[in-house]
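Enquirer: Under my numbering, think of the first position of the sequence shown as 1, with each following residue one higher.
Hints should not be assumed to be uniformly reliable.
[Unchecked claim] Beta-carbon label-pair distances, calculated as ranges: (1) 621 <-> 246: 35 to 45 Å; (2) 157 <-> 620: 29 to 39 Å; (3) 101 <-> 280: 29 to 39 Å; (4) 54 <-> 328: 40 to 50 Å.
The set of hints was computed from the structure by calculation and includes no laboratory data. Backbone N, C-alpha and C define an ideal beta-carbon position, used for all residues, glycine too.
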Amino acid sequence: MIKIRKYEEKLRDIYLSDKKPLFNIAAGKIPGEMHLSAGQEPSAAWMSVLLRNDDFVYSTHRPHHTAIAKGVDLNRMTAEIMGKHGGLSKGKGGHMHIFDKKVNFACAGIVGSSFPPALGAALASKLDGKDSIAVAFGGDGSLNQGMFLESLNLASLWKLPVIFVIENNDWAISVETKDSTPIKNDAIRADGFGMPGVYIENNDPVKMYKAAEKAVKRARSGEGPTLIAIDTYRYYGHFEGDPEVYRPKNQVKELLAKDPIKIMESDLLKKGIISKDEDDRINNSAMEEISQAFAFAEDSPLPVGSDSMDDVYAPVDYSIEPTTKGRKLPVYMAISEAISQEMEGNKDVLYMGEDVGKYGGIFGATTGLFKKFGAERIRDTPISESAFIGSAAGLAAAGKRPIVELMFSDFVGVTLDPIMNQIAKNHYMSGGTVNMPVVITTAVGGGYGDAAQHSQTLYSLFGHLPGLKVVVPSNSYDAKGLMVSAIKDNNPVVYMFHKGLLGLPWMPYPQSTVTEVPEEEYTVPIGKARIAREGKDITIIGIGATVHMAMEAAMELEENGINAEVIDLRSIKPLDTDTVIRSVGKTGSLLVADEDYAAFGLASEITSAVSHALFGKLDKAPESIVSPDVPVPYSQPMEKYWLPDTQKIVNRVMEMFKK
């Protein structure tokens, strides 16, 4: 506790010293917001005694006390806070995004985001039969987040070895706890989820230790989760520079009179448990370690600007060529076969989602897998996308290769935070030390009357996010090969399958989607487009369903004397602009067919890249057939008007060639 307090005091002095006389958040050796945890030491200090390096801790945007207690490298953490190349993340994360893989510590700046990854780390331990545990910290401001409540439910349902610690410092920035919840104390929430809840009053470090000791023992013995809520203090503002106009004038003075460090120091001396010399030694030792950490940080060089381009993706090394022609399979069976083979070959692969077990997945992606691999690895979940998809970050950090299913891409709104802010960014924010081999499968596309909340394609939304890879198969061969590649990749891959191509017996589909699929394992390279049809007059680019429209249109255009080349993109991120530009350079004309919305979309990205590369060399201005910027309508005449189709492609090309 002394080390934490003295560290925060030293950090505060350095942070503020360069921001005077007028506070400028961007100035000085340490830029950005600074959330200090002085006063909250009791909620974390127990970890230094009770946790091991193989236990996981996921903390909050106020993380220094938890990081120090878990044993994070103090030298490199300080360098990270100063934005130095010698920092834990090479200066890419800063003080709200501290990662130390050696002691399995991570934190994040999004309120409530610590809970789902802790579930994943705890589940990984349980699956491997280990007794390591996970701890998730959250403040009183996180209590009303859906992620928190979903995580409590899932942890209790699966009896996961996880401890939830709620640090109630009475202020969520400026909103007092009594104004955000009617509940008497935070531990009461545990009752609704069938787990023990322990309430610690008055920031008491001894009671906190005893409660944590029981919770750790319970988790390690397989009895399940515990919720511990501690009333703690924050001696400084929400962030440094906070005017604290919301706080009663004498509150900090009153809290300092109850300083847990001073109370414990006095008690230990009074009872003769430690001597004054030993007390001095503890203080001096802490200051020596802190001084060394700040000296290390000062001496560490700053990164250069171009270092920012590193660590977006983890390196990958896989390529398996098929040796047999195979047999014809519908797309959904090809996907299922790929998952099955990868699960057979790697015990760390598991699949989670709604109705993926006995049902086999709403769209058949897990057909037959539940019977083969059982409920532990083909895992049905509650309708709790934030919790189970967010848990994939913790599973991946713990060495698993989770596949998580977002039933419809339209549902991404409820789980965008863990996808966008954790799964996509953790490799980068950790300076390349933490890999995220996560596959997110999701169904896209309209054409069958499911209307605006079940028919969107949303390619560009996922493609816009740095750190994600995004693939879209158009046929059975690619469906299997891309799934194998996605599972083997060390990066998060969003695998988007179009419902109208799956070959399901209850949904119409083009017969051209059913192709020869080799029985053995093979890969299709992510980021490499396929020339589906050679041509010389115009390049037509399709993705998913529009590939088949483009092929049909090319045959009709041939009858009108126009020889079209068709490209199947297969990957949205990385986008194979080289293949596209070579093709358009040859044909001199371009049409992009995409089912996603027109504005800020894939078609715009492609036409921009082509126009830039081939400026002044095109025979005609690039064109596109895309869905208009209105929600997907329900009634068949309106939906047909809204969607791209073969005839629209033909008509647009004929206009371009004025035939």
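Enquirer: Taking the hints in turn, state whether each one holds.
Expert: Status of each hint after checking the structure:
The hinted range of 35 to 45 Å is not satisfied by residue 621 and residue 246, whose Cβ atoms lie roughly 57 Å apart. Here the CB-CB span from residue 157 to residue 620 is close to 58 Å, at odds with the stated 29 to 39 Å. Against the hinted window of 29 to 39 Å, the Cβ-Cβ separation of residue 101 and residue 280 comes to about 35 Å, which satisfies the hint. For residue 54 paired with residue 328, a C-beta distance near 47 Å keeps the hint of 40 to 50 Å intact.
Of the hints listed earlier, those the structure fails to meet are numbers 1 and 2, in rising order.
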